[in-house]
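Residue numbers (the working numbering), protein chains in the order written: chain A, 1 to 78; chain B, 79 to 156; chain C, 157 to 234; chain D, 235 to 312; chain E, 313 to 390; chain F, 391 to 468; chain G, 469 to 909.
Watch out, some of these pointers could steer you wrong.
Claimed, not checked - Selected chain G positions facing chain D (Cβ under 7 Å, derived; list incomplete):
(1) Ile837
(2) Ala845
(3) Leu848
(4) Ser851
(5) Leu852
(6) Lys854
(7) Leu855
(8) Leu858
(9) Asn859
(10) Pro860
(11) Leu864
What the hints assert, rightly or not - Pairs of lysine-lysine residues, derived as DSSO-like cross-links and limited to a Cα-Cα distance of at most 27 Å, are as follows:
(12) E/Lys344 <-> A/Lys60
(13) G/Lys780 <-> E/Lys344
(14) E/Lys354 <-> G/Lys751
(15) E/Lys372 <-> G/Lys740
(16) E/Lys345 <-> A/Lys53
(17) E/Lys365 <-> E/Lys323
(18) F/Lys437 <-> G/Lys597
(19) G/Lys762 <-> E/Lys323
(20) B/Lys132 <-> G/Lys780
(21) A/Lys32 <-> G/Lys780
(22) G/Lys823 <-> C/Lys195
(23) F/Lys422 <-> E/Lys372
(24) A/Lys42 <-> A/Lys53
(25) D/Lys276 <-> G/Lys854
(26) E/Lys351 <-> E/Lys323
(27) G/Lys780 <-> A/Lys53
(28) E/Lys344 <-> A/Lys42
(29) E/Lys351 <-> E/Lys365
(30) G/Lys569 <-> G/Lys535
(31) G/Lys797 <-> G/Lys780
(32) A/Lys60 <-> E/Lys365
(33) G/Lys639 <-> G/Lys596
(34) B/Lys117 <-> B/Lys131
(35) E/Lys351 <-> F/Lys422
(36) G/Lys654 <-> F/Lys450
What the hints assert, rightly or not - Here are some of the chain D residues that sit facing chain C, going by a computed Cβ distance under 10 Å:
(37) Thr239
(38) Phe240
(39) Glu241
(40) Leu259
Since the hints were derived computationally from the structure, they do not count as laboratory data. All C-beta atoms, glycine included, are put in the ideal place defined by N, C-alpha and C.
Chain residues, written in single-letter form:
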Amino acid sequence: MAKVTFEIAMKQLEQIVQELESGNLSLEDSIKKFEEGIKLSKYCSAKLDETEKKITLLLKDQDGNIIEKPFVSERLTE
Amino acid sequence: MAKVTFEIAMKQLEQIVQELESGNLSLEDSIKKFEEGIKLSKYCSAKLDETEKKITLLLKDQDGNIIEKPFVSERLTE
Amino acid sequence: MAKVTFEIAMKQLEQIVQELESGNLSLEDSIKKFEEGIKLSKYCSAKLDETEKKITLLLKDQDGNIIEKPFVSERLTE
Amino acid sequence: MAKVTFEIAMKQLEQIVQELESGNLSLEDSIKKFEEGIKLSKYCSAKLDETEKKITLLLKDQDGNIIEKPFVSERLTE
Amino acid sequence: MAKVTFEIAMKQLEQIVQELESGNLSLEDSIKKFEEGIKLSKYCSAKLDETEKKITLLLKDQDGNIIEKPFVSERLTE
Amino acid sequence: MAKVTFEIAMKQLEQIVQELESGNLSLEDSIKKFEEGIKLSKYCSAKLDETEKKITLLLKDQDGNIIEKPFVSERLTE
Amino acid sequence: MEAHIYSVTELTSEIKRFIEERYPFIWIYGEISNLTVPFSGHLYFTLKDESARINAIIFKGQYKNLKFNPENGMSVIGFGRLGVYESKGTYQIIFEYLEPKGIGSLQIAYEQLKAKLSAQGLFDASHKKELPFLPQNICIITSPTGSVLYDILNIINRRYPNVNILIIPVKVQGDSSESDIVAAIKLMNTLSFPDVAIIARGGGSLEELQAFNSESVARAIFESSVPIISGIGHETDYTIADFVSDYRASTPSVAAEIVVPLRDELKNKIDKLDRSLNTNITKILNYNNNNLNKLIGRIKSPKRIIEDMIIKNDDLNRRILISQLNIIKQLKNRFININNKLLFNNPDTYILQFKEYINHMLYNISKTINIIYKNNAHLLHQSLGKLDTLNPKAILQRGYSITRTIPDKHIVTDSNNVNIGQKLEVLVAKGSLICSVERKI
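Isolated chain A, as found in the complex:
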């Protein structure tokens, strides 16, 4: 799943959910889809966590202080 972007992963996940929800799959196919879906969802989750951390890091300056703290946080929490 090296080159898959988050968006593609999400699209695939949605596709899988739709397929699973349609109920037209065989057990083997559904379990295959299910596994794939869980993988994709975990991947997305990890990606989101990572991204969240990145943002938190970006919002900190070199001294570890959040830049423009009162101001920025005010905006971010609105």
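Dock chains B, C, D, E, F and G against the given chain A, drawing on the hints supplied.
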């Protein structure tokens, strides 16, 4: 029964049940069919159990905690 | 009686019953038929017993428990 | 009287009874017939006993229990 | 960002802000843009701070006294 | 600024003020202009504050030699 | 090259430029005619001689300063500049100064010298040096005794006190005044120090101002490399020195005002510019700061997108679980249904039926064989009963007996058929006897 999928097994099982229900079988044939049916049913049952276990496993995260535990159990018991 | 199937045995038994009931047989023949009938009935009974055992075995799972028993009864009583 | 069946013996016995009843026989002949009749009746009785034993035997299973015992004994001892 | 002037950086920042506001970016792109935006804003902030310091320095005469001190600080801190 | 006269410095200072007022300068150019302006203003101020002030009377002595003599008079309004 | 075709405007404007550049400042004399003073108060006339005429104007301001009233037929001399009035295609001389021609010898000498120096170009604007804006060293050539010097010093001191002043005292009237002034100008030029000089004198008659109307002074002024401001006499006095100097101040006081700027004014101006610098750079900084802060404020963190995505992902995850569990549940139900049917069709049930059937048949054959047996037994019993009653020996009970031969068992009914001594069997009711024949009867 190496390559038989759950669906094929189910179909075969249904076929056997129909044949048994028709009552046109000799004792030998019916016992043969029943035997086959029991095998198929065991296979299907095992397959379902296996699948269920697989899902349960997948529902556990790396820490061994069930994801969305209250939610899932709620669904499973409904 | 090596190759005789259960069904043929049954047929023969039925035949003997009819012949005996017809009353046209000599005592010697009657007793001969009777003997034959007894043999056939024993054969059929044995065959049935054997089959019954086979089914009981089939209905037992690896642990010696009757498969799906609680489950089946639950469903059957619903 | 080696080859004589129960039915022929019975027939001869009946024949003898009829000859004796006719009264046309000399004493000597009637004694002869009578004695012959006695022999035949003994034969038939033995034959019947033998048959009864055979039936009783056939109606016993391997364990020596009489199958359908009450029925057979009832009839036989009647 | 060696040769980038404050104005170009501001223009780029504005562009990025607009792109982020448009909401048409993928997660990857938006985080990239956000990162870039944070960098640009830091760069601009640093540039302005630097400029402010330079001005403060220029406003000091040779004896180290700030010329027109009350006036300047009043403006800069408003 | 070796050859720059007070008048040219004033003109340049005025020019710089106008340019700054126009608001068409980049931050870098503004600070450059400001720096230049500050220098010019210091130069002009210094020029105005140059404290040399003496009134001298140029006289010829009996031998025709020119001599300088401070001019003192009560009639000068200080 | 083709000849250029002028438009009238083009040509006229070229003529105007040419004439006005060529004759910016000239002396001219002639006779006044056609004098008119319109409502505006400016004086219009024609200046003519025997063979030519030129239109002339003196504006109201200059007219007021004239020491005489111009009249038609009056010979006058004056200086002014040539101007072209384009919309009429005419040219005229615009007088700065005008005086009646030929009054006294001094006057004549003055006029002659003026005309001569003018002709030599000494008054030309091109020769006039620029005055320094802010001189540091000022040379004053005037009488050390008169009030003029003090006026000048006081005015300079008031306007711009931080300046060096070198006073070269000279006589400003009398015999040696001319050479004094010339020497002073020359002396001044040997010094490196002055940036500008003032030659000043108070008002006086033509005679008293004679030194300033001398050719030597005029030439000394002209040759001076130090720019010279003349402040001689009253406003109405025009000396040759005035004409030749780099700047003519109408009075000595005016010269003092001209020579230095007002220091306070400059200081104020610098302060104002300085403030303006601060204000503007602050404005620029604030503007940029505000812009930057606004932009920073508008940087939308993708956090909200992430939060949305987290919710979506969780929802999808949940739906995967539900749908998968549903699929399994459905399959399980289907399986249970089939399995129930399978178990329901367990052949066990037929076995019971078969067993019952077999038992039934067993019962039937048992019953049948019994009936057969019984029937045969009955038949036998009947035959036996009959046989029993037909026993020929039954008669013996009554005492009869039967005699038979041995072993032929022939019944003996005729004694002739036996021999004496022959053994015979006698059957009685109970048992039998073996007897021998003893005799025949």
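Right, here's what the structure says about each hint:
1. Annotation: G/Ile837 was flagged as interfacial toward chain D, and the flag holds, the nearest CB pair being 6 Å apart, inside 7 Å.
2. Taken as an interface hint, G/Ala845 checks out: its beta carbon lies about 5 Å from the nearest beta carbon of chain D, inside 7 Å.
3. Nearest Cβ of chain D to the Cβ of G/Leu848: about 5 Å, under the 7 Å cut. The hint holds.
4. The criterion of a C-beta within 7 Å of any C-beta in chain D is met by G/Ser851, whose closest approach is roughly 5 Å, and the hint holds.
5. Here the hint on G/Leu852 is kept, as its CB sits about 5 Å from the closest CB of chain D, short of 7 Å.
6. The beta carbon of G/Lys854 is positioned within 7 Å of a beta carbon in chain D (closest approach about 4 Å), and the interface hint is therefore held.
7. For G/Leu855, the suggested interface contact is upheld, since its CB lies about 5 Å from the closest CB of chain D, less than 7 Å.
8. Restraint check, G/Leu858 versus chain D: the minimum CB separation of about 4 Å is within 7 Å; hint holds.
9. Against a cut-off of 7 Å between C-beta atoms, the interface hint on G/Asn859 holds, since the closest Cβ of chain D lies about 6 Å away.
10. Because the closest C-beta pair between G/Pro860 and chain D is about 4 Å apart, less than 7 Å, the hint holds.
11. A least Cβ separation of about 11 Å between G/Leu864 and chain D goes past the 7 Å threshold, and the interface hint is therefore violated.
12. Of the supplied pair hints, the one linking E/Lys344 and A/Lys60 holds, its CA atoms being roughly 16 Å apart against a limit of 27 Å.
13. A threshold of 27 Å between alpha carbons decides the hint, and for G/Lys780 with E/Lys344 the separation of about 21 Å falls inside it, so the pair holds.
14. At roughly 21 Å between alpha-carbon atoms, E/Lys354 and G/Lys751 fall within 27 Å of each other, so this suggested pair holds.
15. Between E/Lys372 and G/Lys740 the CA atoms are separated by roughly 18 Å; this keeps the pair inside 27 Å, and the hint holds.
16. Proximity of E/Lys345 to A/Lys53 is assessed by CA-CA distance (about 16 Å); at most 27 Å being required, the pair is judged to hold.
17. In summary, the hint linking E/Lys365 to E/Lys323 is supported, as the alpha carbons are separated by about 23 Å, within the 27 Å threshold.
18. Simply put, F/Lys437 and G/Lys597 have alpha-carbon atoms about 23 Å apart, close enough for the 27 Å limit, and the pair holds.
19. The hinted pair formed by G/Lys762 and E/Lys323 meets the criterion: a straight-line CA distance of about 13 Å does not exceed 27 Å.
20. Restraint check: the Cα-Cα separation between B/Lys132 and G/Lys780 comes to about 24 Å, which is no more than 27 Å; the hinted pair holds.
21. The straight-line distance between the Cα atoms of A/Lys32 and G/Lys780 is roughly 21 Å, inside the 27 Å bound, and the hint therefore holds.
22. A hinted pair counts as satisfied when its Cα atoms are at most 27 Å apart, and G/Lys823 with C/Lys195 qualifies at roughly 14 Å.
23. Our distance criterion of 27 Å between C-alpha atoms is met by F/Lys422 and E/Lys372, whose separation comes to about 16 Å.
24. The straight-line distance between the Cα atoms of A/Lys42 and A/Lys53 is roughly 16 Å, inside the 27 Å bound, and the hint therefore holds.
25. Under the criterion of a C-alpha separation no larger than 27 Å, the hint pairing D/Lys276 with G/Lys854 is consistent with the structure, at around 14 Å.
26. Only pairs whose Cα atoms come within 27 Å are accepted, and E/Lys351 paired with E/Lys323 is accepted, the gap being roughly 13 Å.
27. Between G/Lys780 and A/Lys53, the direct Cα distance comes to roughly 19 Å. Compliance with the 27 Å bound is thereby established for this hinted pair.
28. For the hint pairing E/Lys344 with A/Lys42, the CA-to-CA distance comes to about 22 Å; that is within 27 Å, so the pair holds.
29. Our distance criterion of 27 Å between C-alpha atoms is met by E/Lys351 and E/Lys365, whose separation comes to about 21 Å.
30. Between the alpha carbons of G/Lys569 and G/Lys535 the distance comes to roughly 12 Å, so the proposed pair stays at or under 27 Å and holds.
31. Between G/Lys797 and G/Lys780 the alpha-carbon distance is near 25 Å, which keeps this suggested pair within the 27 Å criterion.
32. Only pairs whose Cα atoms come within 27 Å are accepted, and A/Lys60 paired with E/Lys365 is accepted, the gap being roughly 23 Å.
33. A distance of roughly 25 Å separates the Cα atoms of G/Lys639 and G/Lys596; the hinted pair therefore holds under the 27 Å criterion.
34. Restraint check for B/Lys117 and B/Lys131: the C-alpha separation of about 21 Å stays at or below 27 Å, so the hint holds.
35. At most 27 Å may separate the alpha-carbon atoms for a hinted pair to count; E/Lys351 and F/Lys422 meet this at roughly 25 Å.
36. A threshold of 27 Å between alpha carbons decides the hint, and for G/Lys654 with F/Lys450 the separation of about 14 Å falls inside it, so the pair holds.
37. With 10 Å as the threshold, the beta carbon of D/Thr239 comes within range of chain C, its nearest partner Cβ sitting at about 6 Å, so the hint holds.
38. About 5 Å separates the beta-carbon of D/Phe240 from the nearest beta-carbon of chain C, less than 10 Å, and the hint is met.
39. With a cut of 10 Å, the hint placing D/Glu241 at the interface with chain C holds, because the nearest CB-to-CB distance is about 5 Å.
40. With 10 Å as the threshold, the beta carbon of D/Leu259 stays out of range of chain C, its nearest partner Cβ sitting at about 29 Å, so the hint is violated.
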